[in-house]
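Number of protein chains: 2
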Amino acid sequence: MINKLIDKIQKTHAPIVVGLDPMMDYIPKQIQEKAFQEYGETLEGAAEAIWQYNKGIVDATYDLIPAVKPQIAMYEQFGIEGLKVYKKTLDYCQEKGLVVIGDIKRGDIGSTSAAYAVGHLGKVKVGSRSYAGFNEDFATVNPYLGSDGVKPFIEVCKEEKKGLFILVKTSNPSSGEFQDQLVNGRPLYELVGEKVAQWGEEYMGEQYSYIGAVVGATYPEMGKVLRKLMPKTFILVPGYGAQGGKGADLVHFFNEDGLGAIVNSSRGIIAAYKQEKYASFGEENYADASRQAALDMIADINGALQNR
Amino acid sequence: MINKLIDKIQKTHAPIVVGLDPMMDYIPKQIQEKAFQEYGETLEGAAEAIWQYNKGIVDATYDLIPAVKPQIAMYEQFGIEGLKVYKKTLDYCQEKGLVVIGDIKRGDIGSTSAAYAVGHLGKVKVGSRSYAGFNEDFATVNPYLGSDGVKPFIEVCKEEKKGLFILVKTSNPSSGEFQDQLVNGRPLYELVGEKVAQWGEEYMGEQYSYIGAVVGATYPEMGKVLRKLMPKTFILVPGYGAQGGKGADLVHFFNEDGLGAIVNSSRGIIAAYKQEKYASFGEENYADASRQAALDMIADINGALQNR
Chain A
326 MINKLIDKIQ KTHAPIVVGL DPMMDYIPKQ IQEKAFQEYG ETLEGAAEAI WQYNKGIVDA
386 TYDLIPAVKP QIAMYEQFGI EGLKVYKKTL DYCQEKGLVV IGDIKRGDIG STSAAYAVGH
446 LGKVKVGSRS YAGFNEDFAT VNPYLGSDGV KPFIEVCKEE KKGLFILVKT SNPSSGEFQD
506 QLVNGRPLYE LVGEKVAQWG EEYMGEQYSY IGAVVGATYP EMGKVLRKLM PKTFILVPGY
566 GAQGGKGADL VHFFNEDGLG AIVNSSRGII AAYKQEKYAS FGEENYADAS RQAALDMIAD
626 INGALQNR
Chain B
326 MINKLIDKIQ KTHAPIVVGL DPMMDYIPKQ IQEKAFQEYG ETLEGAAEAI WQYNKGIVDA
386 TYDLIPAVKP QIAMYEQFGI EGLKVYKKTL DYCQEKGLVV IGDIKRGDIG STSAAYAVGH
446 LGKVKVGSRS YAGFNEDFAT VNPYLGSDGV KPFIEVCKEE KKGLFILVKT SNPSSGEFQD
506 QLVNGRPLYE LVGEKVAQWG EEYMGEQYSY IGAVVGATYP EMGKVLRKLM PKTFILVPGY
566 GAQGGKGADL VHFFNEDGLG AIVNSSRGII AAYKQEKYAS FGEENYADAS RQAALDMIAD
626 INGALQNR
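So the protein sequences, as listed, match chains A and B.
If you count by my numbering, then the first sequence holds residues 326 to 633, one letter each, in order.
If you count by my numbering, then the second sequence holds residues 326 to 633, one letter each, in order.
Only chain A is shown next, with the shape it has when bound in the complex (with noise of 0.2 Å):
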């Protein structure tokens, strides 16, 4: 799958992901009137909405990028009805050929990671016959846990040819208080990283590993130094746009090879309409103005790597 993706960004000359973490007051006003209208303020209706808004932005942008990343925390916060959605929008995304990866930080100790693993990556057994429960290609893992609660994850990924990425260093703000204290004079994102980097060898891709890591784009000088300490480490920079990050700040994150990066923006294009930049589209062709958002970051990104 990575060798997927890679090969994704090279054809869409885009190193982004579109992260698909819907909203309610992302979603226009027309949308929610009209599943409201079909099934009421309900979880249904919810869910009919996001999935509305989801497919308006998958049609307006899939043929522009690589990859989408839903967040599955805005889902599930609607509960089951929220879930039916997120599935509903990996399966709509891996038919449009779109890489999908979960972000799903989930992470446990060895049991039940691998339970997490089958069911978003793998297949889970049922007497004699076997089922995808949600069926991403790449999920997001939190590594806290340490090497056993990680393993499973990738003794699925060499099963099915998925990947991962894990959580290094996060983009929010509070992410140095626990991530940055000094071990051995060295930051413990570091330490994470070197083992994100020794797990990744163990699966290795054509140039680089399915195993990946998360590093946030609001923290660049980090990056950097992961960059370099991680070279074959594909990484998911979160945090470009309304958290932040610009092009500029990114370009330490890719390879001399101008890959190994892979750039995620949520809100910045998906609720693209409501920035002032994007407002005369109106909300009427929200959709539009996230197409348009997804091309103005692609230029950003690839000006940026172009001038370094």
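Treat the hints loosely; a few may be bogus.
Think about it this way: if two alpha-carbon atoms lie no more than 27 Å apart in a straight line, the pair counts; the simulated DSSO-like pairs of lysine-lysine are [as the list claims (entries may be wrong)]:
(1) B:K412 to A:K413
(2) B:K354 to A:K450
(3) A:K450 to B:K359
(4) A:K450 to B:K412
(5) A:K602 to A:K380
(6) B:K450 to A:K599
(7) A:K448 to B:K354
(8) A:K483 to A:K553
(9) B:K421 to B:K333
(10) B:K450 to A:K354
(11) B:K553 to B:K333
(12) B:K448 to A:K413
(13) A:K476 to A:K412
(14) A:K409 to B:K413
(15) A:K409 to B:K409
(16) A:K354 to A:K602
(17) B:K520 to B:K553
(18) A:K359 to B:K450
(19) A:K448 to B:K599
(20) A:K412 to B:K448
(21) B:K380 to A:K450
(22) A:K413 to A:K450
(23) B:K448 to B:K409
(24) B:K448 to A:K409
(25) B:K520 to A:K520
If you only want the chain A side, here are some residues facing chain B, beta carbon under 8 Å, derived [what the hints assert, rightly or not]:
(26) Q396
(27) I434
(28) G435
(29) K450
It is worth saying that the hints were derived from the structure and are not from the lab.
We put the beta carbon where it would ideally sit given N, CA and C, even for glycine.
Following the hints, complete the assembly by docking chain B onto the known chain A.
Chain B only, in chain A's frame:
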């Protein structure tokens, strides 16, 4: 909810929680066969088998115990059908008067943690209405992202009078890989423990905070240190039984008042009938074996507490 949990522990004289972590190979054949006859070897069939299995255990133990802890991964691996049974299990246990600790180990950046918190502990807004997605009483949370990943959970707990158990030192063999790393001469888990105690001060119950910690039974010496570091923090202790923890190891997780900890056993109780000790119950009477295992565990822990 921490007051209710303590009240129930005192009434049952049982500082234990039963981990409802169903695996297909724990489920007695008669239950699997019946479910597969009705629904086929499908995800629905697996879900029905899990539900009947859980119901049997809950019916046989609810009068003995204060709380249950369903591990969501064991349900999530069966996709939507599995999650429906997770919800059904939560609801049933609450009907039976049990406190429900959702072992979800979620944690993300601020707005995303807020969505998880709303989905599992609070209510999500849909137009002018609001709904509870999963509605656990407590949830487990992963602290790797720092305060701004944890605080949205605390905010929802305050609104809903619910609680958390935040991972401090987990029970698995490689938990030390990151958690034990020395920061200024002290292990990272102590730093996390101190933060949990601080966060806990923001939301106190009568004797203990609504914000608890997870510390594995498999590390009793660390439990002793953490107990003193977090005097007002209730500790959820996994790892008893199948993972190796014994009653005598656990006394230092408790305060002198006999409170302050609740010990989880999953496999040791729900699959008790598979142990030689309880084999005489037979597969048919798996729930009676679970009841006996719960009684034995309560006696083991209370005995150890009396003898300390």
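These are the hints, each one checked on the structure:
Taken as a hint, the K412 of chain B and K413 of chain A pair is honoured in the structure, with Cα atoms around 20 Å apart against an allowance of 27 Å. Only pairs whose Cα atoms come within 27 Å are accepted, and K354 of chain B paired with K450 of chain A is accepted, the gap being roughly 15 Å. With a C-alpha separation of about 17 Å, the suggested pairing of K450 of chain A with K359 of chain B holds against the 27 Å cut-off. Distance check on the hinted pair: K450 of chain A and K412 of chain B sit about 21 Å apart at the alpha-carbon level, within 27 Å; holds.
With a C-alpha separation of about 23 Å, the suggested pairing of K602 of chain A with K380 of chain A holds against the 27 Å cut-off. Distance check on the hinted pair: K450 of chain B and K599 of chain A sit about 21 Å apart at the alpha-carbon level, within 27 Å; holds. Of the supplied pair hints, the one linking K448 of chain A and K354 of chain B holds, its CA atoms being roughly 21 Å apart against a limit of 27 Å. Our distance criterion of 27 Å between C-alpha atoms is met by K483 of chain A and K553 of chain A, whose separation comes to about 25 Å.
At most 27 Å may separate the alpha-carbon atoms for a hinted pair to count; K421 of chain B and K333 of chain B meet this at roughly 12 Å. With a C-alpha separation of about 15 Å, the suggested pairing of K450 of chain B with K354 of chain A holds against the 27 Å cut-off. Distance restraint check for K553 of chain B and K333 of chain B: the Cα-Cα separation of roughly 24 Å lies within the 27 Å cut-off, and the hinted pair is therefore satisfied. Among the hinted pairs, K448 of chain B with K413 of chain A is consistent with the structure: their alpha-carbon atoms are about 23 Å apart, no more than 27 Å.
Between K476 of chain A and K412 of chain A, the direct Cα distance comes to roughly 25 Å. Compliance with the 27 Å bound is thereby established for this hinted pair. The straight-line distance between the Cα atoms of K409 of chain A and K413 of chain B is roughly 16 Å, inside the 27 Å bound, and the hint therefore holds. This hinted pair checks out: K409 of chain A and K409 of chain B have alpha carbons roughly 11 Å apart, not beyond 27 Å. Distance hint between K354 of chain A and K602 of chain A is fulfilled; the C-alpha atoms sit about 20 Å from each other, no more than 27 Å.
For the proposed pair K520 of chain B and K553 of chain B, the alpha carbon gap of about 14 Å is at most 27 Å, so the pair holds. Pair hint K359 of chain A plus K450 of chain B holds up; C-alpha atoms about 17 Å apart against a cutoff of 27 Å. Restraint check for K448 of chain A and K599 of chain B: satisfied, since their Cα atoms lie roughly 26 Å apart, inside the 27 Å limit. Distance restraint check for K412 of chain A and K448 of chain B: the Cα-Cα separation of roughly 22 Å lies within the 27 Å cut-off, and the hinted pair is therefore satisfied.
A hinted pair counts as satisfied when its Cα atoms are at most 27 Å apart, and K380 of chain B with K450 of chain A qualifies at roughly 22 Å. Proximity of K413 of chain A to K450 of chain A is assessed by CA-CA distance (about 22 Å); at most 27 Å being required, the pair is judged to hold. This hinted pair checks out: K448 of chain B and K409 of chain B have alpha carbons roughly 18 Å apart, not beyond 27 Å. Our distance criterion of 27 Å between C-alpha atoms is met by K448 of chain B and K409 of chain A, whose separation comes to about 18 Å.
Annotation: proposed proximity of K520 of chain B to K520 of chain A holds, straight-line Cα distance about 25 Å (limit 27 Å). A cut of 8 Å between beta carbons decides the hint on Q396 of chain A: the least distance to chain B is about 6 Å, and the hint holds. The beta carbon of I434 of chain A comes within 4 Å of a beta carbon in chain B, closer than 8 Å, and the hint placing it at the interface holds. A least Cβ separation of about 6 Å between G435 of chain A and chain B falls short of the 8 Å threshold, and the interface hint therefore holds.
At a threshold of 8 Å, the smallest CB-CB gap from K450 of chain A to chain B is about 7 Å, leaving the interface hint in force.
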